[in-house]
Amino acid sequence: PYTRRDALRLVFKHGLLVLACTALVGGLAAALYSVQTPVHVTSARLLIQTDQLGAPSFLSGVTAWREAVNPEPITRKIETEMELMRSRSNALTVVEKFNLSSDLFPRAPASVGIDRLKGAIDRLLGRKPKPVSGSYDATAELLITNLSIEPLRSKVAETGSNLLELSLQSTDPALAPQVLAELLANYMRQGTLQNRRIGEQSAQLIGARLREAQTDLRRAEDSILGLVVKQGDNKAAA
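According to this note's numbering, the stretch in the sequence shown is residues 1207 to 1444, in order.
To be clear, the hints were calculated from the coordinates, so they are not data collected in a lab.
Misleading hints may appear alongside valid ones.
[Said to hold, decoys possible] Computed beta-carbon distance windows for the label pairs:
#1 Ile1404 with Glu1356: 26 to 32 Å
#2 Ala1236 with Asp1378: 20 to 26 Å
#3 Gly1397 with Asp1343: 58 to 64 Å
#4 Arg1211 with Pro1379: 19 to 25 Å
#5 Glu1356 with Met1394: 17 to 23 Å
#6 Ala1250 with Arg1210: 57 to 63 Å
#7 Gln1255 with Lys1303: 25 to 31 Å
Where a beta carbon is used, it is the ideal one built from N, C-alpha and C, also for glycine.
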């Protein structure tokens, strides 16, 4: 039978191999840990107004909201706003403004280690190191990946509230709040511009309808005047 003495004999027999494997694995783990950058989480909260007034029927198709028999669910409105916040255009605008790089966002330790190893090899061979994910598009994707948006749970009902919590994971605790604030500011600017365009289109449509109404009113006045004159002529002839 296999005894404890047999196990100890195997350990002592292959002790150098066991120590070598332990040292190798420990060294790799320590190296990966040393290149891992601390991750910081920046949070913000935003209240979404979900009460919207219905637009008059003659503005249907122009304004964002129309009269409807069944009002749009609040959750759909909140989901729409969440997608607008994490839209690619919004992230790309922020990345270009701050000239962000991929180093601002956390990556897997193995990926960081491989990039540093490639950089060391390039320096050893006298080659110019290649930028790591230097394009704005790749950085915008990382920004969206590390951005979390969740509605807070209501404390009085089994449903979500209108309050959204945004969390951004980054490696720079000083720059991350500015990035998150710019994301929110750009989102609100887009909403303001959209409302302004809707207002301008609505004003143009109302002006066109008023001009049409004035034309119809003048035609009605001319018809009434013509009818009165015709009746007067008939009475005079009689």
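Hints, verified against the model:
Judged by the Cβ atoms, the range 26 to 32 Å given for Ile1404 and Glu1356 holds: they are separated by roughly 29 Å. For Ala1236 and Asp1378, the hinted distance range of 20 to 26 Å is satisfied, since their beta carbons lie about 25 Å from each other. The beta-carbon spacing between Gly1397 and Asp1343, approximately 24 Å, falls outside the hinted interval of 58 to 64 Å. Distance hint check: the CB atoms of Arg1211 and Pro1379 are about 56 Å apart, inconsistent with the given range 19 to 25 Å.
Checked against the hint of 17 to 23 Å, the C-beta distance between Glu1356 and Met1394 comes to roughly 19 Å, which is consistent with it. The hint said 57 to 63 Å for the Cβ distance between Ala1250 and Arg1210, and at roughly 60 Å that hint holds. At about 27 Å, the beta-carbon gap between Gln1255 and Lys1303 stays in the expected band of 25 to 31 Å.
Going through the hint list in order, the structure does not satisfy hints 3 and 4.
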